[in-house]
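Using the sequences and the hints given, assemble the complete structure.
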Amino acid sequence: PFGDMLGLHEEFLPASKRYMNDYIQYVTSDFLAGLGFGATQMLGENEGIYVGYSLDTGRNVYLKPALASQGVKGSVTNALASAFVGSPGGGKSFANNLIVYYAVLYGAQAVIVDPKAERGRWKETLPEISHEINIVTLTSDEKNKGLLDPYVIMKNPKDSESLAIDILTFLTGISSRDGERFPILRKAIRAVTNSEV
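Per the numbering used here, the very first residue in the sequence shown carries number 16; after that it's consecutive.
Don't read these hints as lab results, they were simulated from the structure. Worth double-checking, as some hints may not be accurate.
Quick list of simulated restraints, FRET-style, between CB atoms [said to hold, decoys possible]: (1) E139 to I182: 29 to 37 Å; (2) L141 to D164: 44 to 52 Å; (3) Y117 to L28: 26 to 34 Å.
Listed below are the simulated DSS-like cross-link pairs for lysine-lysine, each with C-alpha atoms no more than 25 Å apart in a straight line [stated by the list, open to error]: (4) K32 to K131; (5) K107 to K79; (6) K170 to K158; (7) K107 to K88; (8) K138 to K173; (9) K158 to K131; (10) K170 to K138; (11) K138 to K160; (12) K131 to K107; (13) K170 to K160; (14) K158 to K138; (15) K131 to K160; (16) K170 to K202; (17) K138 to K107.
In this text, a Cβ means the ideal position worked out from N, Cα and C, and glycines have one as well.
Have a look at this one:
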């Protein structure tokens with residue numbers, strides 16, 4: 016529903032209320048059983064990043080984060096998103112940091128939103144990947160104005176223009192197929208690209 020997109024998006028924010036009840040799906044116990052909880056002792060991949068070992072089997076647990084995007088036969092999704100859930104002090108941040116660190120060493124790129132600034136010293140404490148790290152601190156300080164400006168982030172003006180179009184079409188809801196409004200938006204962005212600062 017076109018007019019409800021913002022409300023539906025806000026449903027995913029922590030502690031937010033349900034916006035719309037139209038898409039609730041009630042599942043039965045056979046659906047949950049089909050997910051395989053307790054049906055197998057297999058955990059992780061056969062090779063990859065070592066993340067720990069299974070107390071039940073004594074086997075090492077490996078993870079290959081990139082497999083989610085490889086179209087593996089039998090996989091249900093190609094989503095690269097992950098969630099770490101558990102009680103405070105249960106190792107969620109450590110596990111995430113470990114996986115991100117090794118994934119970057121293997122050539123992945125990562126974006127981390129870090130509201131508690133737990134990773135603010137990574138550039139100094141991880142010298143082997145410090146050239147890959149760019150920390151952006153988002154506060155209301157005057158010095159942080161424009162940190163997410165496409166014309167500041169990107170070096171190439173054409174890349175800046177493309178990123179600005181992507182951001183503004185998302186924020187305004189103007190589709191590139193909108194023959195009336197999209198050309199106006201593109202013309203305004205091009206004028207900014209061509210302007211002298």
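Status of each hint after checking the structure:
1. E139 to I182: 29 to 37 Å: Because 31 Å falls inside the window, the suggested range holds.
2. L141 to D164: 44 to 52 Å: Distance hint for L141, D164 is violated at roughly 27 Å.
3. Y117 to L28: 26 to 34 Å: Given range 26 to 34 Å: holds, Cβ gap about 29 Å.
4. K32 to K131: holds, 24 Å
5. K107 to K79: holds, 18 Å
6. K170 to K158: Roughly 20 Å separates the two Cα atoms, so the pair holds.
7. K107 to K88: Roughly 29 Å separates the two Cα atoms, so the pair is violated.
8. K138 to K173: violated, 29 Å
9. K158 to K131: Given pair K158, K131 holds - Cα atoms ~19 Å apart, limit 25 Å.
10. K170 to K138: holds, 22 Å
11. K138 to K160: Holds, at about 22 Å.
12. K131 to K107: holds, 14 Å
13. K170 to K160: holds, 18 Å
14. K158 to K138: Holds - the C-alpha atoms of K138 and K158 are around 20 Å apart, at most 25 Å.
15. K131 to K160: holds, 20 Å
16. K170 to K202: holds, 21 Å
17. K138 to K107: Within the cut-off at roughly 21 Å; holds.
Checked against the numbered hints given earlier, this structure breaks hints 2, 7 and 8; the rest are met.
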